[in-house]
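**Q** If you want the building blocks of each chain, they are given just below.
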Amino acid sequence: MKASKINIALLGNPNSGKSSLFNHLTGLRQHVSNFPGVTVDKRSGTLRLNNGLEANIIDFPGTYSMYPNSSEEKIVINILTDQTNDNYPDLVIYVADATQLERHLLFATQIIDLGLPMIFVLNMIDLISEQGDSIDIKPLAKYLGVKVIPVSVRNNEHLDNLSNEILEVSSGLNHTEIPIKYVFTDVENFVATRIQKNLFTPSLYSAKVIAHHYKWLNHLDDDQKAKIKVITEQSAFNDLNLQVRETMDRYNHFAPVVRETIKVTKTQHKTLTDKIDDVITHRVWGPFIFFVIMFLMFQSIYSWSSVPMDLIESGFTEVGNLISNNLPEGWWTDLLVNGLLAGLGGVLVFVPQIAILFFLISMLEESGYMSRAVYMFDIIMRKFGMNGRSMVALISSGACAIPAIMSTRTISDPKERLITILVSPLISCSARLPVYAVLVGFVVPDMDILGVFNAQGLVFMGLYLLGIVGALVSALAFKVILKSDSNSFLMIELPNYKPPLWKNVFLTVKEKVSSFVVEAGKIIVLISIALWFLASYGPENAMTEAISKAESVSVEKNLSDQDRDNLIASYKIESSYIGHLGHWIEPVVRPLGFDWKIGIAILTSFAAREVFVGTMATIYSIGSDNDGQTLRQKMASEKRPGSEISVYNPATSLSLLVFYVFAMQCMSTLAIVRRETNTWKWPIVQFVFMSVLAYVGSFLVNQLMA
Amino acid sequence: MDQQRTLLDLSPDESAYIDKLDVGMSTCKLLNLGVLPKAKVTMVRKAPFGGAYYIKLDGYQLAVRTEEAATIILDKQI
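Protein sequences, first through last, are from chains A and B.
Per our numbering, the first sequence runs over residues 7 to 712.
Per our numbering, the second sequence runs over residues 939 to 1016.
Each hint should be verified, as a subset may be incorrect.
What the hints assert, rightly or not - With a cut-off of at most 27 Å between alpha-carbon atoms, the simulated DSSO-like pairs for lysine-lysine come out as follows: (1) A:Lys516 - B:Lys984; (2) A:Lys504 - B:Lys984; (3) A:Lys269 - A:Lys485; (4) B:Lys984 - A:Lys485; (5) B:Lys976 - A:Lys269; (6) B:Lys1014 - A:Lys144; (7) A:Lys269 - A:Lys281; (8) A:Lys269 - A:Lys148; (9) A:Lys281 - A:Lys504; (10) A:Lys187 - B:Lys976; (11) B:Lys978 - A:Lys504; (12) B:Lys958 - A:Lys187; (13) A:Lys485 - A:Lys276; (14) B:Lys978 - A:Lys281; (15) A:Lys80 - A:Lys555.
Since the hints were derived computationally from the structure, they do not count as laboratory data.
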């Protein structure tokens, strides 16, 4: 008997409702981590059973069969063929779509042949009766040899039966031998038997699966791989033909069972999905609707978020004032208000936009629209060296490049996948939103054009378009440069449209927002505190010298008290550590129209883009005594030294915006690219080409506008 | 001798039964998705910019590329 907690794996084809079941079973007791050694999201959670025991339940990536095409599916196979893996299940809950039973049985019968105990969950039975069909689970249960539980996760039907069954099965996990369903050929039998003798696999079938996949199974060492190579080559084990043979054989066996289980009363009318797709994937309307959806998406991010953002921003200003008015003056009050609070406000103000963005994107995913975009734009993506599936990555890059880059695992062709990874970060992500939001107002005023469009909203849209164009052009360049070995295919399911499950959408938004607040927040708060220190202190004597110099200048010019304080503050920040750093970087950024303060913001932004705003907030709240103003007001009143020209004039602001559109300022993305491509080469290439793009683009804008 | 009929020979809204698949890299993937000999397949439409097809099988929809569609061999009689 294993230790108290058993591992339960949720397995099934994509679109089987597996993840919805996972959300139902675990509720909020779930978290996301990584499978060891790979960055595939591993969603796991705790299932409380009625007898007080707890089980660890893992939602595996959707998988079609033991013969995978995507690297995400390969991870599943890696775990299922490796008994020593920490995630190796004690029990499998297999989720199948009752309306697609035939296809969904394939992987189920393979898992049973591996020798894993299984509960077979027949999901979406509500749709069966809706279609006027009838269902009888007895023939299916008899054929499979495992318990079959018909449920509807969506309507919450019969889920109690499932919980009871899990309790019953997991309290007595005794192996009842189920005879193997696939009849081996002589070659398969010979090869599998020899591999089983070598590796002690739990079943003959898992030995056969290893024979097919030994080259990429990462739990085998080189020695074992060499042995298997010899075994398969000696017996002329034809990988591809035997995969096809096995698959066909399985289908032939369970096709009659499916016909007995689900009695179809043929009705040849158009389904709702057919009707929707007549319009949504129409040759003319399809692409048009796609662009309307994208346009509305970014308009709504901009307009819905302005009220909550203003509330959060002014809330932080109020709290800051309250603290600084009520606490005694001192370095720690200063640190609290100008370091910590300024940084924290800089993070939290973007929560509304990020929440809206992830909400809209998960709606597109949940409803089934995303795969239509894949289908419609496959050919165009191919022209740019990518795959229709790259659409998913590029659209989700609008939220964050990290999950987008991870989603490229569904692309089987290495070159297409690499190009998608390299250009995804050029699509403006939610971290750029803060920068855009702060600066857009300095480029155009807040006014309506033609009575409907908001001018700032249009500039916003323009920045996103610039990112998209940058991504496509770079993709084209990489397509020419990179070598190809093609394993490219489209073949994608276009699932029936369904209203999004609110619970799924809610959990996605919650997970993404909290990971933004925690992950980005950690960096931003740390950098804010570091900046506060660097801006408040300077090399020995420099600070006191600056103050006395400022004082003598103000006496000389007979300045008012307020003007004197401002002068002291600006002399102080210039002679601080950060002032030195800023002046050191200034020659590099001056051709772009930036001063040393912006230079510092750019430097710190290389950790993460959203740090820009926190940096600005920290620099300006230390550098001026205009407390009670928002950051934007402070920036607007900032003038170039000795002149009346605003620092944030349209040329500089637009140049800065263009810089942020192109620059690779996200350490987390670089780290993910390193993990996904398994080498430092690609993140370095990415960093260099994006930085060059940013510098050149920004330079051109500033020179043309100034 | 007449040419093999493939999925590409179907016009929109036309249906046929699959005879076999030309075994290649995409075969297993097609089988995983339920594209099987004896299955009935309907051509629904071509993608807006070409290159791919929207097809319907028994109660579900797939998108396949031209090259992939060419490996799906249809029964001779309609």
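**Q** Does A:Lys555 sit within 27 Å of A:Lys80, going by the straight-line distance between their CA atoms?
**A** violated (68 Å)
**Q** Between A:Lys187 and B:Lys976, does the CA-CA distance stay at or below 27 Å?
**A** Answer holds: A:Lys187 to B:Lys976 is near 22 Å, not above 27 Å.
**Q** Verify the proposed pairing of A:Lys516 with B:Lys984, using a straight-line Cα cut of 27 Å.
**A** violated (39 Å)
**Q** Under the criterion that the straight-line Cα-Cα distance not exceed 27 Å, is the pair B:Lys978, A:Lys281 satisfied?
**A** Roughly 20 Å separates the two Cα atoms, so the pair holds.
**Q** Given the hinted pair B:Lys984 and A:Lys485, is their alpha-carbon gap at most 27 Å?
**A** holds (26 Å)
**Q** Is the Cα-Cα distance between B:Lys1014 and A:Lys144 27 Å or less?
**A** Violated. B:Lys1014 to A:Lys144 sits at ~38 Å, over the 27 Å cutoff.
**Q** For the pair supplied as a hint, B:Lys958 and A:Lys187, confirm whether the alpha-carbon distance does not exceed 27 Å.
**A** Holds, at roughly 24 Å.
**Q** Does A:Lys504 pair with B:Lys984 here, judged by a C-alpha cut-off of 27 Å?
**A** It holds: about 23 Å lies between the C-alpha atoms, which stays within 27 Å.
**Q** Below or equal to 27 Å on CA atoms is what counts here, so check A:Lys269 against A:Lys281.
**A** holds (25 Å)
**Q** Taking only the CA atoms, is the gap from A:Lys269 to A:Lys485 under or equal to 27 Å?
**A** At roughly 50 Å apart (the allowed maximum being 27 Å), A:Lys485 and A:Lys269 break the hint.
**Q** With a cut-off of 27 Å on the C-alpha distance, tell me whether A:Lys485 and A:Lys276 pass.
**A** violated (41 Å)
**Q** Hint check: A:Lys269 vs A:Lys148, CA-CA at most 27 Å. Holds or violated?
**A** holds (17 Å)
Checked against the numbered hints above, the structure breaks hints 1, 3, 6, 13 and 15 and satisfies the rest.
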